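Could you build the full structure based on these sequences and the hints that come with them?
Chains as they are written, first to last, in the numbering used here: chain A, 13 to 585; chain B, 13 to 585.
Hint data in this document are derived by calculation from the structure and do not stem from the laboratory.
Because the structure is a prediction, the values reported are computed rather than measured.
Hints should not be assumed to be uniformly reliable.
It does not matter which identical chain is used: a pair holds within one copy or between any two.
As the list claims (entries may be wrong) - Heads up, simulated EDC-like pairs for lysine to aspartate or glutamate below, C-alpha to C-alpha not over 16 Å straight-line:
no. : residue 1 : residue 2
1   : K306      : E536
2   : K400      : D558
3   : K576      : E459
4   : K576      : D494
5   : K103      : D189
6   : K443      : D178
7   : K443      : D29
Listed here are the chains, written in short residue letters.
2 protein chains.
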Amino acid sequence: MAVRELFPCVEWLRQYDRKMLISDTIAAVIVTIMLIPQSLAYAMLAGLPPEMGLYASILPLVAYAAFGTSRTLAVGPVAVVSLLTAAAAGKVAQQGSPEYMMAAIVLALLSGMMLLLMGVLRLGMLANFLAHPVIAGFITASGIIIAVSQVRHILGIEAHGENLFDLLVSLYQHLGDANISTMVVGVGAVAFLFWVRSGLAPLLVRTGLNPEAAGMAAKAGPVLLVIVTTLAAYTLDLKGQGVALVGAVPRGLPDLTIPTFSLELWGELAGSALLLSVIGFVESVSVGHTLAAKRRQRIAPNQELIGLGASNVASAISGGMPVTGGFSRSVVNFDAGAVTPAAGVFTAVGIALVALLLTPLLFFLPKATLAATIIVAVLSLVDLAILKRAWNYSLSDFLAVAITIGVTLILGVELGVLCGVLASIGMHLYKTAKPHIAVVGQVPGTEHFRNVNRHEVITDPRILSLRVDESLYFANANYLEDRVYELLAQRRELEHVILQCTAVNEIDMSALESLEAINTRLREAGIQLHLSEVKGPVMDLLKCTDFLEHLSGEVYLSHYQAVKALSGDGETC
Amino acid sequence: MAVRELFPCVEWLRQYDRKMLISDTIAAVIVTIMLIPQSLAYAMLAGLPPEMGLYASILPLVAYAAFGTSRTLAVGPVAVVSLLTAAAAGKVAQQGSPEYMMAAIVLALLSGMMLLLMGVLRLGMLANFLAHPVIAGFITASGIIIAVSQVRHILGIEAHGENLFDLLVSLYQHLGDANISTMVVGVGAVAFLFWVRSGLAPLLVRTGLNPEAAGMAAKAGPVLLVIVTTLAAYTLDLKGQGVALVGAVPRGLPDLTIPTFSLELWGELAGSALLLSVIGFVESVSVGHTLAAKRRQRIAPNQELIGLGASNVASAISGGMPVTGGFSRSVVNFDAGAVTPAAGVFTAVGIALVALLLTPLLFFLPKATLAATIIVAVLSLVDLAILKRAWNYSLSDFLAVAITIGVTLILGVELGVLCGVLASIGMHLYKTAKPHIAVVGQVPGTEHFRNVNRHEVITDPRILSLRVDESLYFANANYLEDRVYELLAQRRELEHVILQCTAVNEIDMSALESLEAINTRLREAGIQLHLSEVKGPVMDLLKCTDFLEHLSGEVYLSHYQAVKALSGDGETC
Chain A
13 MAVRELFPCV EWLRQYDRKM LISDTIAAVI VTIMLIPQSL AYAMLAGLPP EMGLYASILP
73 LVAYAAFGTS RTLAVGPVAV VSLLTAAAAG KVAQQGSPEY MMAAIVLALL SGMMLLLMGV
133 LRLGMLANFL AHPVIAGFIT ASGIIIAVSQ VRHILGIEAH GENLFDLLVS LYQHLGDANI
193 STMVVGVGAV AFLFWVRSGL APLLVRTGLN PEAAGMAAKA GPVLLVIVTT LAAYTLDLKG
253 QGVALVGAVP RGLPDLTIPT FSLELWGELA GSALLLSVIG FVESVSVGHT LAAKRRQRIA
313 PNQELIGLGA SNVASAISGG MPVTGGFSRS VVNFDAGAVT PAAGVFTAVG IALVALLLTP
373 LLFFLPKATL AATIIVAVLS LVDLAILKRA WNYSLSDFLA VAITIGVTLI LGVELGVLCG
433 VLASIGMHLY KTAKPHIAVV GQVPGTEHFR NVNRHEVITD PRILSLRVDE SLYFANANYL
493 EDRVYELLAQ RRELEHVILQ CTAVNEIDMS ALESLEAINT RLREAGIQLH LSEVKGPVMD
553 LLKCTDFLEH LSGEVYLSHY QAVKALSGDG ETC
Chain B
13 MAVRELFPCV EWLRQYDRKM LISDTIAAVI VTIMLIPQSL AYAMLAGLPP EMGLYASILP
73 LVAYAAFGTS RTLAVGPVAV VSLLTAAAAG KVAQQGSPEY MMAAIVLALL SGMMLLLMGV
133 LRLGMLANFL AHPVIAGFIT ASGIIIAVSQ VRHILGIEAH GENLFDLLVS LYQHLGDANI
193 STMVVGVGAV AFLFWVRSGL APLLVRTGLN PEAAGMAAKA GPVLLVIVTT LAAYTLDLKG
253 QGVALVGAVP RGLPDLTIPT FSLELWGELA GSALLLSVIG FVESVSVGHT LAAKRRQRIA
313 PNQELIGLGA SNVASAISGG MPVTGGFSRS VVNFDAGAVT PAAGVFTAVG IALVALLLTP
373 LLFFLPKATL AATIIVAVLS LVDLAILKRA WNYSLSDFLA VAITIGVTLI LGVELGVLCG
433 VLASIGMHLY KTAKPHIAVV GQVPGTEHFR NVNRHEVITD PRILSLRVDE SLYFANANYL
493 EDRVYELLAQ RRELEHVILQ CTAVNEIDMS ALESLEAINT RLREAGIQLH LSEVKGPVMD
553 LLKCTDFLEH LSGEVYLSHY QAVKALSGDG ETC
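Structure follows, in structure tokens:
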């Protein structure tokens, strides 16, 4: 059992048959074709030499196949993680230097080790603290930054900056250096890729291909572009006309890499590695969940941490960059019919063959081509409509999105996520610190009590029924006290206060002290304090203390029973 | 009205009469006598010259009397704030240097301005995020550190350190330098003060004094000690025997001080000033609340921010140190019969007279005497039993106390509070991220539904009733999904899932997306999703979205109605 949990591959390997082999192989071929330009492009986006993108697409895929629980997730370099890698490595070294490359490798290693540790400690739930609006805002803002950062390759100029403003200023300043030949290749490539997205598949259908095959074939668009522009660069001597090319890519499989161990470097990169791990994990798990649900399968988030951790460690020791499960590639893998992670292993074999045989051909590949593939890919991530949807829903969700997008664009990706997470947690705490406390009355003819301001209900001037719509804990303990005292001041005939605790899921020590204070204060004013509908776990806690002995009133199972007993006070009961 | 809110003194000044004047004057005399050694001692604790303690006990008291809302709070230097001042100033300058003194003044100014700003923005509620266990743990640990830090004055040696470990090591290393005469004074002073606390009042009562007057007289113990040891130092030439004396204290009232404006220094001290503000505010407000409640008065926390802010600014511009409302001094003020903040003004006059006339007499005051008053005062703050009380209550409250005490002792005061606050918030979030989700059934003969594991209830195999004991928000949205799917897997006959939302005080966008996902998944499995007892504010939100249109089932006012309608499904209804 333990072996099967740690190596989910045992499960599917046992049942593996010829039919599965064929499905997986077909999917692997399609994903490999898609992955060649992507791995080169994302390495470029991260400021790394192209071979590091290829290396990150070999061993990590094998590691994920052994440890991951998603059947169809395609692991490798992805846009957002590459952007984070560039931001982190750029803080400790100059792009293009050996130190910069080593920083990326160390990031992969640290991130892998952190993911493994989180997996062992079953901390997958930590990712839940990234609220959906924060993720959506971050992906959108990252997409914008990535797209703008690649414009320089389309124009053939130098322009750098970690945030949108710096990037735009830098682009503007260098606009005069734009290279016409590069622009022809770059703009042409972007236009071609957009056309492939929208126009190619329908065209192929019209020529008689079935829609699914046409959709698949359209995925080969980027590779076709790579081939055509590479040939053009070779035959037309584009380099002589100032078009930047990928240049020499070492041939062969990656060597075993031993990442630098330096406490200083590790310390500097630890925060970024953690961020990168969590973001990569969240992105990967949400893709994994979506795809698994379509085939009634499930993924195990804590085991996914192990799978992604192993992938990143594998990437680091084979000279690669940080990786995670990518959305578009996984969808293609799924649609192409992958049924097991073996498809990932076959993809790894495909990329290994490319590294062994085809790297000399990459010499003439224009950088503008890669930039175009990145731009077209990330623009599909940009979803500014999330701002409107969040605005329509609630102010706090809107602020979470807006802060995340704003800070990411203005101050950079790392601060963007951090501020988004802190803002969403802060707003949640703020809301729970000022809980809704409703005065309730009985809905006539039922045993139910509802807000006096929203419903026609029956109340008794001697009884104040309060429903506290929040767990009672340190942040709102004083607020409860204040509200109760405020409500008392308006009621002269009062004899009983009943706190209806249906929504009180917790009472911590601070809140207990406040309840004691309320009880004392009410008793001094000749008013009894009662509780109703206290939940089991909360009641267990109260029983450990002497609060129930001090309590001037009673604890009732239902609010109805409480009101019945107390309103009949003077009479029979 | 606005004037009366900003200057609460207008209220009591109008009604001020002779009787109040007498009461306030008596209280002021007693507090002044108590404050003389305390102000000198806390200045020493903060590493500052003694006159700064006196200066901090003049203008700040007048400022608080004008702006504060507590009738009896005694503002001035206090132990914990002095310790925080030492920790913060020690980070930017060497103790004893002019820069160190200026750092303390800037701390008072920054802290005053922050408190004023928080008051204007009505941010008093921020203090609620300091949970009671964190405060209790912090005060206890600070008390221990302060007491141990003063042992060097009792022994007449040099020993420094910001945390308990460093302090103990340093004390141990210098133990050989201990000065016998100093030890006689110091140990004698500590013993005397302990005896004053426990033995003097009963003795005075036996001599015929009434218990209250005896208690009051005992408060003069420290001043008696100051007089006796000063005389001893003068007559016996204790300085010649190696006893450290306070030395020359400038005579006269403080000059107007203009605190340094340096962005760098302000930036370095801003974090500490914030911490100091919040801690001081919390300490002061809790004293204020307690005393006000005893006389059926109230304090306004947001106006208290203004009062304490003004006090600290006043302290800074008169060359003083950070101040706040102190516990023991306020209790003495209250017990001595102070009825209005005029008592504070009279105390300020008293201290001003001391500064004008008596400072030459302080030359021969042994530092060991001051150390003894500090040790005896802070040991009463140490309450290690809080660990046991929190342990008996809940693991999270215990961890909050233990982390605060542990980190404060081991890593210092600032990190101690920070870790305590972060730990308590983190644990609260962790708990809400894994909410209690109960399967409920009908309590026979009632309309109430309770946990099937705790009560004898009626259930229907076609209906799954789930009570979610938490607001649904980003941190627990995925958890809810997982739990629902898990529960589904065990039930084959299921036709309806009803979420009882009594405890759901919020549904944010992330949670709404999860509910949409649950709804879709259930519909695909032929199961309807219903909601019951959705609260008004939550329902308002849902109505803004298209969730209710997508919902496969209904929303019921009460869970009873839901079950009645759905279990009658196949029959009549």
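query: Checked against the structure, which of the hints given earlier come out wrong?
result: 4, 5, 6, 7
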